[in-house]
Each structure stands twice: as C-alpha cells, then as structure tokens.
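Peer 1: Fit chain B to the supplied structure of chain A, relying on the hints for placement.
Residue strings, one per chain:
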Amino acid sequence: MELLNSLGINVKLLIAQVINFLILLFVLYKFAYGPVLRMLDERTKKIEKGMKDAEASGKKLEEIAAKEKGILDEAKKEAKEIMKRSEDAAMKQAEEIVITAKDQTQRMVEAAQKQIEQEKNKILAEAKAEIANLVMVATEKIIDEKLDANKDSELIKKAIK
Amino acid sequence: MDISLVPETIFHLGSFPFTNSLLMTLVTSAIIIGISFFVRRNTKLIPRGFQNLFEAIIEYFFELVHSVTQDKKETRQFFPLVMTIFIFIIISNWMGLLPGAGTVGIHEVEHGKTILLPFIRSGSADLNTTLALSLIAVFAANFMGISAIGLVRYGKKFLINPFKKPYFIGTFVGILELISEVAKIISFSFRLFGNVFAGEVLLIVMLNLVPYFVPLPFLFLEVFVGFVQALVFAMLTLVFLKMAVTAHDH
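Those sequence lines, one after another, are chains A and B.
Here the first sequence stands for residues 1 to 161, where the numbers follow the working numbering.
Here the second sequence stands for residues 1001 to 1250, where the numbers follow the working numbering.
Excised from the complex, chain A in its bound form (with noise of 0.2 Å):
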C-alpha cells in the first residue's frame, strides 16, 4: 500500500478515471460509431448497387446495339434481294416486249409484202387490158377497118406474146 501511495495511486480517483472512461465509450458507442458506421455501410451498399445498374445497363446497351447491327443486316440482305428480284423481273420483261414488236414487225412486213404482190398483179392485169385495148385502137386506127372483133383481139394477143 506504502508504493502504491507514493504513487499516486488513489482508490477512489482509479473508480472515476474508469467510470469517466465507460460513460465515454458508452456515449461514443450510442452517438458517434454505431450511426458513421451504419452511414458508411449504407454509403458503400448504395455506390455498389450504382455500380452493379452501371453495369446491367451497359450489358443492356450493348445486347440492343448487338441487335440493331442486326436488324440492320437483315434490311440491307432483303432490300439487295428485292432490288435483284425486280431488276430480274425487269430484264424479263424487256426481252418479251422485244420479241413482242419483232413478231409484230415481221407480220407486219409480210403483210406488207403480200398486199404489194396483189397490188402489182392487179396493176398488171390492169395494164394488160389497157394496153390490148390501146393497141386495138391503134391498130384500128392505122388499118382503119375493123376486123372482126374476136379476130381482132386474137391478133393483138398473139402480137403481145
């Protein structure tokens, strides 16, 4: 007890230090570190959720981008398509309407052709008569006897031959 006195120390001083130091901890467990490190959980819960949306909405970014891309190649494959089809269609077309009008042309000219064969026929039948005719004339006028009709054009006939 004699070193203890000397020193210092003092029953009733050691029960207030400790005392004084457990309603410290007491009043700073209550007030100060429950709440800071209830507050610094939610902080870190909170950024980490932030972090994880970030996340799921860049993947989600990503798959719509993905599917764009692919849309688009599907558009581009059947607008290339359509455009073949119709210029196929097109090309069909073109060659049936030139057949078409070279069918016709020809039929055209055939018939053509034909009517100017009847034509000169009938032109040349034509001129026959008048020219029988013309010579009968003539050469009635230059004889001036008339012979007999049928003998008359018997002759010209002959003569024309």
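The set of hints was computed from the structure by calculation and includes no laboratory data.
Worth double-checking, as some hints may not be accurate.
Pairwise CB distance ranges, derived in the manner of DEER restraints [said to hold, decoys possible]: (1) B:I1046 x A:E55: 17 to 27 Å; (2) B:V1182 x A:I19: 20 to 30 Å; (3) A:K12 x B:L1005: 11 to 21 Å; (4) B:F1037 x A:E62: 44 to 54 Å.
Beta carbons are placed, not taken as given, at the ideal position from N, Cα and C, and that holds for glycine.
Peer 2: Positioned in the frame of chain A, the structure of chain B alone reads:
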C-alpha cells in the same frame, strides 16, 4: 520547479481528492463528446468537409481492426473499445502539451514551503488514469474471451491438468498465462504513464533552462510520442482481445 510523480490535488470534494489530471480527463471527455455530437449533427450520406476527415479516421481504424480480427462480428465488437481508447489517450496526451502545462496554477503552502499546483496535467501522466484504462482493457479481453468461447474452455487456458499430455509444463504455462494477465495491466499502465510523464517533465525542464525555441523540437517529439503511445495502447488492446477470443485447442 516542482516535479511530482503524484498528480496535485486542486481541492477536496468531501474526502474525494479532485486532482488536476482528473480535471484534464473530464475536459478531454467533454471535448471528445462535444466533437462527436458536432459531427453527428452534421452527418450526411454525401460527405462534405469536416465529415470526410472523421470518416476517414474511423474507416481507417475500422479497417485496421478488421485486418487483425479477420471477422466481421469481432470487428464490430472490438472497434468501439479500441477506437475510444485511441481517441481518449491521444487527446489526453496532447492536452499535456498545451501552453501552461505544469506552469499555470495556484500556489499553496504545504509543509512550510510554497508549491505550485498546476491546472494542466495530462490525464496520462497520472497512474490512476493509465491503470484504469489498462484494467478496462484487460478485463474487456477476459470478458470477451469468456463470452466468445465459454467459461470452461476459456478457463482451460490458465488451469491445465498436470496429469495429461504436456504434464507439469502445461500447468506451468497456465500459471504463467495467469501472471501475464497481471503483467499486462502493469506494463500497459506504466508504459503510458512513463512516456507521457517523462515527456511533461522534459518539457518543464527545458522550459526552465531555455524558455525560447529550444523546447520546440521536444514539443514536436512529444506530439509524436503522444500519437505513438495512443496507437500502441489501442493496438495492444486489440491484439489481446483477439487472442482472448481465439480458442487455444492443443
């Protein structure tokens, strides 16, 4: 220049001696509680200014405690005690560095001569304070140990059957463990007391020898010593707590 190992009694409350170190302890507690209420009132989820500093300190210590315990539940259990010990000791140590420490006080005639009773004496420069802290630390460690692994299993650390495997060596180790609990209290209290008290004496002596500039490096040294001693006390408490709750199964 009077240097007293014993804190000076300023006045008596009945038979209770109200010492200058007790006064400083109360002031320290008031400051800490005041700051904690100030911070508490202004805490926001998105921190600003001052709050950042306190959060950084608290989070740093929380991580430090966690790195020792490696267990979330134990960290939550130990952190308040370790943190409070650190804050209390560091503020208490630095209080003794305030201007007027050991010099401003009342003169009183005792045993026929006038002695100075300074108002400011660091709480840590009083064995009552340091002993109180070390008692709390060691009792907390033992208490946590019992509550964590049970009275019987915890008791096996100290009382080992001399007729089993390591025989008398085991029993002897158990007794040593028991002694070491007492030794912890003594080393805890005297380490802190010795460092802080020596620092205060050093500062007073330097101040009396050369009043200007020369005490400055020692002042800086004492700021550092105050921090280190607070950290040492807190860390040792943490380690003892962790050792107590870890079962010793051989």
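Peer 1: Indicate, hint by hint, whether the structure satisfies it.
Peer 2: Outcome of the hint check:
1. B:I1046 x A:E55: 17 to 27 Å: holds, 22 Å
2. B:V1182 x A:I19: 20 to 30 Å: Holds, since V1182 of chain B and I19 of chain A (Cβ atoms, about 22 Å apart) stay within the stated range.
3. A:K12 x B:L1005: 11 to 21 Å: holds, 18 Å
4. B:F1037 x A:E62: 44 to 54 Å: Hint holds: Cβ distance 50 Å, inside 44 to 54 Å.
Hint violations for this structure: none, all hints satisfied.
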